[in-house]
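Novice: Chain order of the listed sequences is F and X.
The end of the first sequence is residue 166 by the working numbering, with every number in the run present.
The end of the second sequence is residue 1289 by the working numbering, with every number in the run present.
Simulated from the structure, these hints should not be mistaken for lab results.
Any given hint could turn out to be false.
Using C-beta positions, here's what the derived DEER-type ranges look like [what the hints assert, rightly or not]:
id	chain 1	residue 1	chain 2	residue 2	range
1	F	160	X	1095	33 to 41 Å
2	X	1151	F	19	24 to 32 Å
3	X	1088	F	120	19 to 27 Å
4	F	85	X	1177	35 to 43 Å
5	F	85	X	1151	48 to 56 Å
6	F	85	X	1097	27 to 35 Å
7	F	118	X	1221	22 to 30 Å
8	X	1068	F	23	36 to 44 Å
Ideal placement from N, C-alpha and C gives every residue a C-beta, glycine not left out.
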Amino acid sequence: MSLYFTIPFLMLLAIFQGTAAPQIRVASGHPDLLLVAILSWELVHARGEGYVWAFVGGLIQDLISGGPFGASILGYLAVALVADRVGGGLYRDRLALPVMVALIGTLAYHAVYLLTIRFFGWPLDLADALFRVALPSALVNALLAPIMARLMLALHRRVTPPGVPW
Amino acid sequence: MIRSRARTWLLLVFALAAIVMLALHEAGQLQPVENVFQSVLGPIERAVSGLFNGIGDLFGAVRDLRDLRARNAQLETQNQDLLTEIASLRNLQDENQILRQLLNFTQENPQYQYQTAAVIGRDPSPYLKFITLNAGSAQGLRPGMPVVTAGAVLVGRVDQVSLRSAKVQLLNDPSSAVNVRLQTSGVTGLVAGQQDGSLLMQFISLDAEIAPDDIALTSGLGGNLPRGLVVGQVDAVEKRDVDLFQTARLRAATDYDRLAVVLVITNFEPVEIDVTPTPTPEPTATPTP
């Protein structure tokens, strides 16, 4: 998909992440629309564009965040990788796939992100972070994923010309 | 056809009857007859009158309905406008209150120069506690500058600055650490942000007596922050004989999630402590006599 669309769209999601999302808490977890959008697009499109989305989205998020620059990019690339390997292009209105990929993808994101920021000097307890933040976030994202995947499927059908049958 | 003579007679009779009735009415002799007629005619009159009034009301009601609808629409618009105005006034009232408190603080601490800034964003990561301000290097902000809010409450320090925005590391960020001194007991320690967003005062000597609700102020040690800014209040003390130090959990002096407007102290110069050893001059051998 054109970057003319991708960049403003991801920017919008990142701004939401930096303004509204911190106010929405489930335990200490937050919904991560960027993450859900990245994995949904990769599930639907499966041409590696999830990686482009992960890079662009992570870059924007790192610009907004005060954390080490690049941590979000790495985290989102892990999400795109999970989506690509587990179910890239398999999503066709099925509910279980985006839920499963959102659960695994969120945990992968938090694992990579936590290790990165720990490496850069944030003294975080990994086990506590996993149970208190990552797991609730994974559940919230798993709830959001089927909705986002449907939206992405609709978007995919609009932007991709119908394929020629073999 | 009645002939003209008969018509004259008829006229005269009726006229006479009328005059008689007038006379009888004036004498009050006709009242019973009038009452009988009134009792019969009254209801009919009321019904007919009601009917005509009803028709009149119907036309009136249509007109009124049109007027009422217009009025209702007008009132709804007015109501919306008033609600918007109330919301706007409440925002202004809140902002005014915050600014008044900040103004009081600036008047009480005239030794500092301040830059007011609004909070325009928060860190998207659930692990990091940063806020983004709408002022940057163009407004004179530099990394390391202290950020305060009303009541001389320290919020954090400027971490990264761009032309028109700045990121502030809040006190409750896990990588934040501030030297403090308790106001009453004078006990010193280090307040560090915790993963759950709370504040923990560490490195308090075991023999120190800590009073509950004692206020933690910046000690100025290290030269990174001005002295006397409020950090929090002692909430609970954890003291174990097996530990080298005791710790105290602090209640933050402000709700970091609700910060809207802050002040950046722009004329405070953090002291850069150079840890590289300076070369000491070699002792020169003095000739002994």
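Novice: Now, for every hint given, state plainly whether the structure supports it.
Specialist: Hints, one by one, checked against the model:
| no. | hint | in the structure |
| --- | --- | --- |
| 1 | 160(F) with 1095(X): 33 to 41 Å | violated, 48 Å |
| 2 | 1151(X) with 19(F): 24 to 32 Å | holds, 26 Å |
| 3 | 1088(X) with 120(F): 19 to 27 Å | violated, 43 Å |
| 4 | 85(F) with 1177(X): 35 to 43 Å | holds, 41 Å |
| 5 | 85(F) with 1151(X): 48 to 56 Å | holds, 53 Å |
| 6 | 85(F) with 1097(X): 27 to 35 Å | violated, 54 Å |
| 7 | 118(F) with 1221(X): 22 to 30 Å | holds, 27 Å |
| 8 | 1068(X) with 23(F): 36 to 44 Å | holds, 42 Å |
The structure shown violates the earlier hints numbered 1, 3, 6.
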